[in-house]
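First residue of the sequence shown? That's 7 in the numbering used here, and the numbers climb one at a time after it.
Honestly, I wouldn't trust all of these hints.
What follows is a set of in silico ranges between Cβ atoms, one per label pair, in the way DEER data are often shown [claimed, not checked]:
| id | residue 1 | residue 2 | range |
| --- | --- | --- | --- |
| 1 | Thr-101 | Thr-267 | 30 to 40 Å |
| 2 | Lys-266 | Asp-69 | 20 to 30 Å |
| 3 | Tyr-136 | Lys-266 | 26 to 36 Å |
| 4 | Pro-137 | Asp-344 | 46 to 56 Å |
| 5 | Asp-150 | Asn-347 | 36 to 46 Å |
| 6 | Gly-225 | Ser-284 | 20 to 30 Å |
| 7 | Pro-137 | Lys-180 | 54 to 64 Å |
| 8 | Arg-214 | Glu-91 | 44 to 54 Å |
| 9 | Arg-83 | Ser-284 | 21 to 31 Å |
| 10 | Thr-101 | Asp-150 | 47 to 57 Å |
| 11 | Met-135 | Asn-319 | 13 to 23 Å |
Below are the SDA-like pairs computed for lysine to any residue, each with C-alpha atoms no more than 20 Å apart in a straight line [claimed, not checked]:
| id | residue 1 | residue 2 |
| --- | --- | --- |
| 12 | Lys-131 | Glu-113 |
| 13 | Lys-54 | Phe-88 |
| 14 | Lys-288 | Val-310 |
| 15 | Lys-180 | Asp-344 |
| 16 | Lys-56 | Pro-100 |
| 17 | Lys-357 | Ala-373 |
| 18 | Lys-56 | Lys-131 |
| 19 | Lys-155 | Asn-138 |
| 20 | Lys-58 | Gly-317 |
| 21 | Lys-362 | Gly-317 |
| 22 | Lys-131 | Asp-116 |
| 23 | Lys-58 | Val-90 |
| 24 | Lys-131 | Thr-109 |
| 25 | Lys-58 | Lys-348 |
These are calculated hints, taken from the structure and not from any lab test.
Every residue gets a Cβ at the ideal spot worked out from N, C-alpha and C, and that includes glycine.
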Amino acid sequence: MTEEEKGEQFAMKQPLYIPTLATAVAILLAACAAPAQPVQQAAPAQQKPKIKVGLVTDVGSLDDRSFNASAWEGVQRAVRDFGVEAKAIESKQPTDYIKNIQTFVNEGYDLIITVGFLMGDDTRKAAEMYPNQKFAIVDVGYFDENAPKNVMGLLFAEDQSGFLAGVVAGMMTKSNVVGGVYGLAIPPVCRFRKGYEAGVRFVNSNARILGVYQGPSDGTPFNNPQWGAARARDQMNEGADVIFSAGGTTGNGGLEEIAKTQGVLGIGVDQDQYFTLSDNVKKILLTSAMKRVDQSTYLAVKSVVEGDFKGGNRVFDITNDGIGLAPFHDLDSQVSNDVRNKVQEVIEGLKNGSIKTGLEGVADPCAN
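Generate coordinates for the entire structure from the input sequences, incorporating the hints supplied.
Structure below.
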């Protein structure tokens with residue numbers, strides 16, 4: 007008998023199995039149940055690409071210890087807080103501006119920040135050429151009806167911080183002569199100078215006020231420390247014992263020159279320059295007329311991160327901590343309570359509008 011025949015014979019001998027009613031019902035229900043679904047494995051989470059931020063400097067270097075440095079510090083703070091990716095390109099000459107902007111456009115950067123009034127025209131051209139590209143520009147606003155809608159203009163009330171510095175200078179001078187060494191006569195610099203001079207007059211109507219702008223033929227704009235040093239020397243020769251230096255590395259040259267002369271004090275600009283200049287300058291640095299360039303670039307990046315970036319002009323002033331006056335640091339013991347109280351009084355007056363700089367609502371502070 008074959009194995010197949012044995013199997014058939016075995017089957018014929020098995021007793022017939024008749025299920026009970028309960029068992030039959032259970033079998034029927036099991037047969038009608040939905041088939042088991044295969045287990046779905048979760049797809050790996052897609053990591054969002056990092057937001058990329060590019061900063062293009064003006065012709066001053068990234069380590070100018072002033073304007074560009076402050077703008078870059080704000081971007082670096084955004085890197086730490088939001089995990090964005092950032093890169094800076096230094097412009098060596100004005101013809102580099104459009105080329106450097108184009109580099110970031112080509113590399114797909116989400117936000118391109120340009121620094122300074124001198125970049126206003128090239129930034130606008132790029133914004134019009136690439137309407138879907140987000141831009142922010144420090145110290146420039148576009149006010150005409152055709153202003154690009156993809157550019158955030160980061161503006162400051164420089165006249166207010168200049169005014170505060172002038173109050174200090176007008177009260178601290180012993181010779182009754184104060185000076186100012188400035189970069190090019192562009193709106194932000196003009197607001198600094200005119201605010202400073204108004205602050206001096208507010209507390210000392212008898213003071214003699216000296217001031218000079220860097221001209222187009224006076225070397226690289228905002229980056230000629232030798233010229234700044236020479237102009238500070240000129241003013242010290244005329245008796246100035248407090249000098250406001252506002253012009254990037256040009257102004258820094260003036261501060262370095264002041265540090266060589268006994269009894270003359272300097273005032274810095276843009277950021278608290280006590281933390282960025284040499285130890286020699288720290289000893290003569292009375293204060294700095296600050297505008298929070300770092301805060302403006304930080305908030306511009308933040309708006310992209312949070313998805314609420316909007317073009318248009320944004321003003322940083324004394325009411326939103328966009329400007330201020332730096333501490334007196336090493337010279338703190340030389341500043342009387344009268345000076346401190348007057349500064350606080352002026353701060354409150356500027357905030358509530360009872361004290362004016364004279365430049366409120368002025369479109370072109372360099373016009374007169």
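Tested hints:
1. Under the hint 30 to 40 Å, the C-beta atoms of Thr-101 and Thr-267, about 38 Å apart, fit the expected range.
2. A C-beta distance of roughly 23 Å is found between Lys-266 and Asp-69, which places it inside the suggested range of 20 to 30 Å.
3. At about 48 Å, the beta-carbon gap between Tyr-136 and Lys-266 misses the expected band of 26 to 36 Å.
4. Take Pro-137 and Asp-344: their Cβ atoms lie about 55 Å apart, and the range 46 to 56 Å holds.
5. Remark: the range hint 36 to 46 Å for Asp-150 to Asn-347 is upheld by a beta-carbon distance near 44 Å.
6. At roughly 21 Å, the beta-carbon separation of Gly-225 and Ser-284 lies within the given 20 to 30 Å, and the hint holds.
7. Between Pro-137 and Lys-180 the beta carbons are some 57 Å apart, a value that agrees with the proposed interval 54 to 64 Å.
8. Taken as a hint, the range 44 to 54 Å holds for the pair Arg-214 and Glu-91, whose Cβ atoms sit roughly 52 Å apart.
9. Between Arg-83 and Ser-284 the Cβ separation comes to about 25 Å, which falls inside the hinted range of 21 to 31 Å.
10. Our hint of 47 to 57 Å for Thr-101 and Asp-150 is violated, since their Cβ atoms are close to 25 Å apart.
11. At about 21 Å, the beta-carbon gap between Met-135 and Asn-319 stays in the expected band of 13 to 23 Å.
12. Distance restraint check for Lys-131 and Glu-113: the Cα-Cα separation of roughly 18 Å lies within the 20 Å cut-off, and the hinted pair is therefore satisfied.
13. The straight-line distance between the Cα atoms of Lys-54 and Phe-88 is roughly 13 Å, inside the 20 Å bound, and the hint therefore holds.
14. Taking the CA atoms of Lys-288 and Val-310, the gap is near 37 Å; set against the 20 Å cutoff, the hint is violated.
15. Taking the CA atoms of Lys-180 and Asp-344, the gap is near 15 Å; set against the 20 Å cutoff, the hint holds.
16. Only pairs whose Cα atoms come within 20 Å are accepted, and Lys-56 paired with Pro-100 is rejected, the gap being roughly 30 Å.
17. This hinted pair does not check out: Lys-357 and Ala-373 have alpha carbons roughly 26 Å apart, beyond 20 Å.
18. Straight-line distance between C-alpha atoms of Lys-56 and Lys-131 comes to about 27 Å, which puts the hinted pair past the 20 Å bound.
19. Taken as a hint, the Lys-155 and Asn-138 pair is honoured in the structure, with Cα atoms around 10 Å apart against an allowance of 20 Å.
20. As the CA atoms of Lys-58 and Gly-317 are separated by approximately 18 Å, the hinted pair is consistent with the 20 Å bound.
21. As the CA atoms of Lys-362 and Gly-317 are separated by approximately 29 Å, the hinted pair breaks the 20 Å bound.
22. Taking the CA atoms of Lys-131 and Asp-116, the gap is about 17 Å. The hint holds against a cut of 20 Å.
23. The hinted pair formed by Lys-58 and Val-90 meets the criterion: a straight-line CA distance of about 6 Å does not exceed 20 Å.
24. Annotation: proposed proximity of Lys-131 to Thr-109 holds, straight-line Cα distance about 15 Å (limit 20 Å).
25. For the suggested pair Lys-58 and Lys-348, the alpha carbons sit about 45 Å apart, so the restraint of at most 20 Å is broken.
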